[in-house]
Structure formats: C-alpha cells, structure tokens
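Peer 1: Residues per chain are reported as follows:
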Amino acid sequence: MITLRSSDGETFDLDEVVAVELQTIKNMMEDRCAESVIPVPNVEGKILAKVIEYCKKHVKSTAKAEEHALSDADLKAWDSDFIKLDQATLFDLIMAANYLDIKSLLDLLCQTVADMIKGKSPEEIRKIFNIKNDFTPEEEKEIRRENQWAFE
Amino acid sequence: MAGWSQLPKDLLLLIAQRLNTHFDLLSLRSVCSSWHAFIPYSLHPLPSRFPILPTNGTSWGLYLSRRRILHLRLPESHCQSTTSSWLIKVEEDVPDMAHLVNPLSTFQFRHFPPNFPKNFAFSRFRVSELGQEYVLQYMNHRPSGEADEGSLHKGKVTFSCTSNGDDFVMLTIHVSGKLAMFRHGNKKLTLIDDMSCDDLIFFNGEFYAVDKTGRTVVVAIGSPPVLSLVADSVSGGNKKSLVESNGELLMVDTYFDQVIHRIMERAVRFKVFKLDQIRRVWVEIENLGDQILFLGEKSAFSAVASAFCGCAGNCIYYTNSFFFPCGQEDDAYTGIGIFNLENGNMGPLSSFPDYAKVIWPPPAWVYTDNIRGV
Numbered sequence: 001m002i003t004l005r006s007s008d009g010e011t012f013d014l015d016e017v018v019a020v021e022l023q024t025i026k027n028m029m030e031d032r033c034a035e036s037v038i039p040v041p042n043v044e045g046k047i048l049a050k051v052i053e054y055c056k057k058h059v060k061s062t063a064k065a066e067e068h069a070l071s072d073a074d075l076k077a078w079d080s081d082f083i084k085l086d087q088a089t090l091f092d093l094i095m096a097a098n099y100l101d102i103k104s105l106l107d108l109l110c111q112t113v114a115d116m117i118k119g120k121s122p123e124e125i126r127k128i129f130n131i132k133n134d135f136t137p138e139e140e141k142e143i144r145r146e147n148q149w150a151f152e
Numbered sequence: 153m154a155g156w157s158q159l160p161k162d163l164l165l166l167i168a169q170r171l172n173t174h175f176d177l178l179s180l181r182s183v184c185s186s187w188h189a190f191i192p193y194s195l196h197p198l199p200s201r202f203p204i205l206p207t208n209g210t211s212w213g214l215y216l217s218r219r220r221i222l223h224l225r226l227p228e229s230h231c232q233s234t235t236s237s238w239l240i241k242v243e244e245d246v247p248d249m250a251h252l253v254n255p256l257s258t259f260q261f262r263h264f265p266p267n268f269p270k271n272f273a274f275s276r277f278r279v280s281e282l283g284q285e286y287v288l289q290y291m292n293h294r295p296s297g298e299a300d301e302g303s304l305h306k307g308k309v310t311f312s313c314t315s316n317g318d319d320f321v322m323l324t325i326h327v328s329g330k331l332a333m334f335r336h337g338n339k340k341l342t343l344i345d346d347m348s349c350d351d352l353i354f355f356n357g358e359f360y361a362v363d364k365t366g367r368t369v370v371v372a373i374g375s376p377p378v379l380s381l382v383a384d385s386v387s388g389g390n391k392k393s394l395v396e397s398n399g400e401l402l403m404v405d406t407y408f409d410q411v412i413h414r415i416m417e418r419a420v421r422f423k424v425f426k427l428d429q430i431r432r433v434w435v436e437i438e439n440l441g442d443q444i445l446f447l448g449e450k451s452a453f454s455a456v457a458s459a460f461c462g463c464a465g466n467c468i469y470y471t472n473s474f475f476f477p478c479g480q481e482d483d484a485y486t487g488i489g490i491f492n493l494e495n496g497n498m499g500p501l502s503s504f505p506d507y508a509k510v511i512w513p514p515p516a517w518v519y520t521d522n523i524r525g526v
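One line per chain: the protein sequences are F and C, in this order. Everything in the first sequence is counted per my numbering, starting at 1 for the first residue and increasing by one. Everything in the second sequence is counted per my numbering, starting at 153 for the first residue and increasing by one.
Here chain C stands alone, though its shape is the one from the complex (with noise of 0.2 Å):
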C-alpha cells in the first residue's frame, strides 16, 4: 500500500499552499526525500531585505530587514511538567548568519549561556509564528551625526508586498508624525498630510492607522492615499497602540505619568478597547481572557497564555523608556514591564520571574537535550 511519501506532487503542493507560515513548509520538507524534492524552500520567495532609495539623493541607502517573532516549544511527546516555552526574535537577512534580538526592543542577544550550540537547530521544537517586524536600516554606513534610522522615522514599519515581491508597499510614520509611504517604483518617501500618527498595523490586508486621540482609519494606497474612518476618538490616555489578537484588532491606551519628555514618561495604567467596525468606535474591554499582548517597540502581536508560558493571561508585556536604568548596560529585560489588567499590577519584567523567563535565558531544555538528527 502507498504511503504519505508517494504523494504526487500537485497533491501535496495543494496541501503547503494551506501551511501560513515558513517553518511550516520547512518542516514539510524535511520529512522524507520526495516531500523535500517537491517542496520549494518558500512558495512566496521573499527577500528578508528590500533596499529602500535614500530620501534625497545621498550617497547612503536603507534597506528594508525582516524579523520573524517565533514562539518555541517542545514537541507534545516529550515530558513536560508544565507549558514551557521560548519566545524569540530571529533576523536571518545575511545568509548562513542569524541574530537573536529582544522579541520586544532592538536589543541584540550576543552573550549566549557557556553549552549553547554554536548550529542551533530549530526543527526540533514546534515552530509558531506571532508575528514579524520590520526596521529600517542603513545600508553601508551611517552618516556621521546619526544615532540611528530613527532620524528618519519613528515607531512601526509595516509592510505589504505580492507573493512574489515584485510589488511592495511601506508605511512608516515620519518623524514629522505624519504617515510615510514608498511604494515599489517610488524615488522617494510620500508623506500623508491629514494625520498626526501614534501607531500602524497592517492588519487583515489592509493598513489601520491611528492617532493620539484613538480616531483610527484605514489607509487605502493609492495616488493620492485615501484615509477611511474606521472608529472616532476616546477620550484617556497619551498613546495609542494598534495589535491584533485572537484573530481581532485591540487598541491599548497607555497612560502615563509625569510626561517631562519622552525619555522620563511612565506608563501607569493601561485600557483595552476591541474595535466594533459597524457602529465605528472603540469598545472598552475589561479583561483578556487568555490572551497576552505584546506591546514591542517596533511591533505587536499577542499569545494564548495557556499554550505559552502556563501562567494567567489577561496581561500585557510593554517596552517603557522609563525602565532604562542610567548609566547601565542593556540587558535581557532591560526597558520591559508588564501589566496585569485584573488587578492593575505593574512592575519591570525582572519581578515578573515567570513571565520573564519565556525571554531570557534560553530555557534549559533548547540545548542540554541531545536528539540525533532532524
């Protein structure tokens, strides 16, 4: 009798077309010698960077790099006394060389514990995607006087191209505050006048802006863009951000205290709203359920608690400047809290031992276990 490996190919093409995310398929391939012949490497073929043109003819160039958020976790045969998990940011866009960086800041992970293989193999763990996160980078060099690519812009980058990257749109928020778009074929940056931006989303393929106010539109690309209303503002906070969850689009209202400047606010108390898209507003919500949300610096995305760290949902883990001890060397958790929206406890992730260990350090079980092969 034929097996799963006699599968003809458009039979089994049919199947990985269904499969969302690469690691999917790189599983597949990796299952016997037919799947691997028949599966290419990435039905969508994307390039990790997309070189941007400089904005006013200098010499230097952005390009576009890519970071898959992955979520790790042992194989369901495998003993486990509780739900553990390793949640990790990965930029692959030099090949045979990937960096680890902080899911929720820039920061890049560079001190690995003394027995941490030099080859990591992933295939040996489920594989999720939660999300993917875009940054702007310099190409060859920064010029002088510039920190970083935040001259440019500040906060999210989203991104939408065709499956086979020949056509692409990004947009960014100037940091003029206005919406920023390139598209393919564009010389340079168009800035989009009628709003002053706190966050972006690319979300159910469609772009979703918002303000300060929480006023949210949709962005429809086109020359001239088109802004569509989408919900009207809600009176609170002092920073609005955009995540999906569960399939849904959440707006966090971030409040903070003592706004001196950007680099001294702290965030104290933060609101949920769910988006009701036929009456056109934000609905408060009062509690997650067993949803957590991430709020990065340069993106969002959101788990199921119980699937991810076996601990409560109804929390969100925020990157906060204010956490930023002066003086001090960045670490794992350095600029991360979380809130807890029961109760309205917050604090550093540091006091949060089992919430910050999905992070850092690299959960034991990653690399003591010594499994043969694929």
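Just chain F, with the same shape it has in the complex (with noise of 0.2 Å):
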C-alpha cells in the first residue's frame, strides 16, 4: 500500500500495482523505501483524484485473469466520459499527467485538446481556452502576415 500525499494535504492510498502506472512514483518507491507518505507537492487533491481514478481503471485492464477486466471497447467508451472535463481541469490534469509521468494518460489528454483545436480559427482556440491575445504591435503584423494571401 502507497499513501499519496496532494499539495494541499489530501492524501490517497493506493495498491502497489496502481502506484508503478505513476512512473514518477514509481521511481520515488525505488529511492525511498523507508517512506510511508510520498507527498506530490505539484498536484492538487482533486486533481490527483482524478489521476488515480485513471489509473485504477487502466491497471484494471492489463490484468488477464481479472474479473473486473474491460473490454477495449468498454475502456475507450469510459475515457470518452472521463475527459468530458472543463478546459481548466483539463490543463491541470495535463501538467499533472507529464509531472507524474503517466504516458497513456498523457496521450489521451493531449489527442483530446488537439481534437478540440482541429479546424478552428485563433480566435475560437482562445475561447474556448480562455487565453488573452498578448500579441505586441510588432507580433501582429507577422501574424496577419502569415495568416493572409495576396492573391495575384
């Protein structure tokens, strides 16, 4: 049994085989086995909640003979409803997914936004992530440059 402790004092406990999906964790339990309590003091209590949701559920289907196995089909339509998160979350759980060095997770949460960003102008990217355009003067005009055609 690991305890996972989040940045504002949350802490979570997990099994062995759920804890090595973390490969940050992972390398942590082969440094220190003494410790009782890892703390992850870049990683928010909900936020962590969500990645150990995850990872519960993904370790689930790699065992053969498990009972609770899913089906691929099952485990896409369950990551489907998983990332039906607001952009604020999703960003959070990004950066935590790269911290705690959870490739699988990684993936699906950038395949994710990069589906959000496919065909959309600048402008609906900005909004829909609720980012500032923070273009100087000089920047403007070598991004209207670049976004235009001088047609002959």
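It is possible that some hints are incorrect.
[Stated by the list, open to error] Below, computed lysine to any residue pairings styled on SDA-like, alpha-carbon distance capped at 25 Å: (1) F:Lys118 with C:His188; (2) F:Lys103 with C:Lys450; (3) F:Lys50 with C:Leu166; (4) F:Lys84 with F:His58; (5) C:Lys450 with C:Val382; (6) F:Lys103 with C:Asp162; (7) C:Lys450 with C:Ser385; (8) F:Lys26 with F:Ser104; (9) F:Lys127 with C:Leu164; (10) F:Lys26 with F:Lys56.
[Claimed, not checked] If you want a taste of the chain C side facing chain F, the calculated C-beta under 8 Å gives, among others: (11) Arg170; (12) Met249; (13) Leu252; (14) Arg276; (15) Leu379.
Keep in mind the hints are simulated off the structure, nothing from the lab. All C-beta atoms, glycine included, are put in the ideal place defined by N, C-alpha and C.
Reconstruct the complex from the two isolated chains, following the hints.
Peer 2: Now the structure itself:
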C-alpha cells in the first residue's frame, strides 16, 4: 500500500500495482523504500483524485484473468466520459500527467486537446481555452502576414 | 492559477504533433505570444516546389507544385441561417503571392469582386484541408510547340515524401498510359510496363493505380517497383477514378456516350464502388449518404454535405470536357457538372446554383465582415 499526499494535504491510498503506473512515483518508490507517505507537491487533491481514478481503471484492464477486466471498447467508452472536463481541469490534468509521467493519460489528454483545436480559427481557440491575445503590435503584424494570402 | 498560455513547450509540441494540417498549426501559432514562439512555422518543413530533373537532358526543367484544397467556413459563434462554405484551391509556391484556382480544374481566378481584400486573412475562418493536388510545371520557360506539361504526362500526379522532405517519390501517368515513377536521386522517370493506367491515388500511405477495366493494384516503391493486385476488374464504363471518402477508398466508373475523340466524350452516368479488401473486389454502392465526391482534373476528394453546403449529399462534382463551350472564354463553372446518384439527374454546374455558389463567386461573408485583427 502506497500513500500519496497532494499539495493541499489530501492523502490517497493506492495498491502498489496502481502506484507503479505513475512512473515518477515508481521511481520514488525504488529510491525511498522507507518512506510511508510520498508527497506530490505539484498536484492538487481534486486533480490527483482524477489521476488515480484513471490509473485504477487502466490497471484493471491490463490484468489478464481479472474479474473486472474491461474490453477495449468499454475502456475507450470510459475514457471518452473521463475527458468530459472543463478546460481548466484539463490543463491541470495535463500538467499532472506530465509531472507524474503517465504516458497513456498524457496521450489521451493531448489527443483530446488536439481534437478541440482541429479546424478552429485562432479566436475560437482563445475562447475555448480562455487565453488572452497578448501579441505586441510587432508580433500582430507578423501573425497577420502569416495568415493571409495576396492573390495575384 | 497558470493558464494555457503558460503550457510548457514540450507539452504544446505534443499537442501540435497530433494536428494534421498546416492550417491547424498556423491557428495554434496565432493564439498567443508564447505559443507563437514555441511552435515552428511548419512541423514538417516542405517546400511547395520540388525540382524534378528534365527527362532527357534538355535545358528546361520541371518542378512539382503543390496546391491545397480548402474548405472555409465562419466560426460557429456567427449567426448563419444556413451552412455556407467556400471551397477553394490555393497555390502558394511563390513567397508572398498566392494563386486561387478552381478546385476542380486548372482555371485560375483573376477577376475578384470589387471589395475583395487585397490581402485575404484566412485566420478569421475555420479552415479544413480536404486534399492536396500536385501539378508538374515548367521551371523557366516552355519549349516552343508545347502547350502545357501534358506532353509528358496526363492525369494525376501523386506524391509522397518523408516528413522533412529529404526523400520523395512521385508517381504519375505517362502520355503512353503507363505508370511513371520518379524518386529522389533518380536522373529520369522510370516507366512501369505492366499496366495501362486510368487513375492514381495516394491512400493510407500507399499508391493505388487502376486501369480502365477497374483492375486495381498497389504500387510498392522499389527497384524495380512491384504491383500487387487489390481488386479485379469490373464490367461497365469507360473511365475509372479513385477517390477517398470517409476514410475508405472508392472507385467511380464514368460512362461516356459518343466517344468520338477525347474532346467530345460526354459523361452520361456514374457508378460508385467500395473496395472489399478481403475478397479483392469492388462492390457497387447505390447511395453515398451524406458524402459528396469531387472528381477534379488533377485531384479527387470528398466532403460531408451537411457541413459543406447544407444541400443533399449523394452526388458527384465531375469535370467533363464536353461542357467546354467552343470559342467562349472559360469561366468559373466551365467544364464542371453535377451528378445526383439518387435520381441520375445531371447537368452543368451552372444549373445547380446551390452547388455552384460554394465555388464562385466568393460568398459575401468572406469579405464583407469587418473583423479587426486576427
């Protein structure tokens, strides 16, 4: 049993088999076998909870003779529901998945964001992700040039 | 709380790598200052011009020009009573100058409406890339007596290259009807004797070629190139075309009447087939559903009708030289027709205004909306 502590003091108990899905934690376990609680200072409680939820689901699916093993289709459906999040949570999750080095979660989140961007104009992307247009007038000029055609 | 503009560079690049088109990358670059700094102008730097050596050591040379077929729409937040699109083909092979070409033909648009902006900002719109077209052009001048590059090849040019452009393969149909291949590093075209080719396509990472009976092969690039059968012949029409639709490979069989000589052949009917890869046959499909197929002179592509023009799908835009009026100047619709699979109705594009207006003239919302900035 491994215990993780989030930046805001929440603790989470995980089986070792789940904890090793988080590569960063796995490395820490190998280095600090005496520690009982592993601090995760970069990640808030509610985000860490979501990360752990994902890892628990995905570990069960790789175990072979597991009673609760999910089919690929079921897992995909679960993932589709999992990523129905507001953009702020998505951002925090991506940062957490990167810090905790969980490749499959990071791939899923990056693909989700890419799908939200595809085919959209820059202004639409700013609205979706709540980003401010902070270009200097110089940069604005360059952007304009890149984004236009002078038809002959 | 940090926001998306503070996303670290390596994470932003992970996202950018999953974007398929040049325009999505451009949009991403244009969002905010840090993203502009982190994302390169193109993750796959690929010149629009590829020099191809002359085939017999003469003084002229050919280059390959890439054109993109794009679908422009207003972003969703704008009020629109109907789906309105603009379908264009853009050639950007000269820096700071672009050519607007008819998506289905080689006709270049030169006479724009009076208020059309000199510099057209496409970042205001949703831009989707429906396909790419490659055209061989003479480098400096045309040898006297040659009308166009058609003397060397006819039909499509298909092209594939590595992500940084340092290795490429070009496959086209030689004037003799044989497949011709040109690889990076070759001195001249290699002719492939085994088949007389009607059409080519680069689909799912492979080159497919079809002959006039519908027999279809995959061309594996090598020395020598190897052809493997993927579908047997079908009986029926006169000309076969390959097109991708909804992730699948389709073949369109065109029936002509009065095949007097190439200029006078008139398309009267089309049949559409889907590839059954396991049984290696083409299976006829009666209905394209929401899909629209576009069979252009140098490229073929498809679109989803409901997102495209708001009119019904299950139809084909095609090019037919029969539509060229003698002695008249070409206009935007010259040589293009529409075929409706449901009832067999067909005719020149000018008879179908809902389908014609997506091509020309540019819809009003493209240049009358005054939106500041990017």
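Peer 1: For every hint, state whether the structure bears it out.
Peer 2: Here is how each hint holds up against the structure:
| no. | hint | in the structure |
| --- | --- | --- |
| 1 | F:Lys118 with C:His188 | 17 Å, holds |
| 2 | F:Lys103 with C:Lys450 | 42 Å, violated |
| 3 | F:Lys50 with C:Leu166 | 21 Å, holds |
| 4 | F:Lys84 with F:His58 | 17 Å, holds |
| 5 | C:Lys450 with C:Val382 | 23 Å, holds |
| 6 | F:Lys103 with C:Asp162 | 14 Å, holds |
| 7 | C:Lys450 with C:Ser385 | 23 Å, holds |
| 8 | F:Lys26 with F:Ser104 | 15 Å, holds |
| 9 | F:Lys127 with C:Leu164 | 17 Å, holds |
| 10 | F:Lys26 with F:Lys56 | 15 Å, holds |
| 11 | Arg170 | 4 Å, holds |
| 12 | Met249 | 6 Å, holds |
| 13 | Leu252 | 5 Å, holds |
| 14 | Arg276 | 6 Å, holds |
| 15 | Leu379 | 35 Å, violated |
Violated hints for the displayed structure, listed by number in ascending order: 2 and 15.
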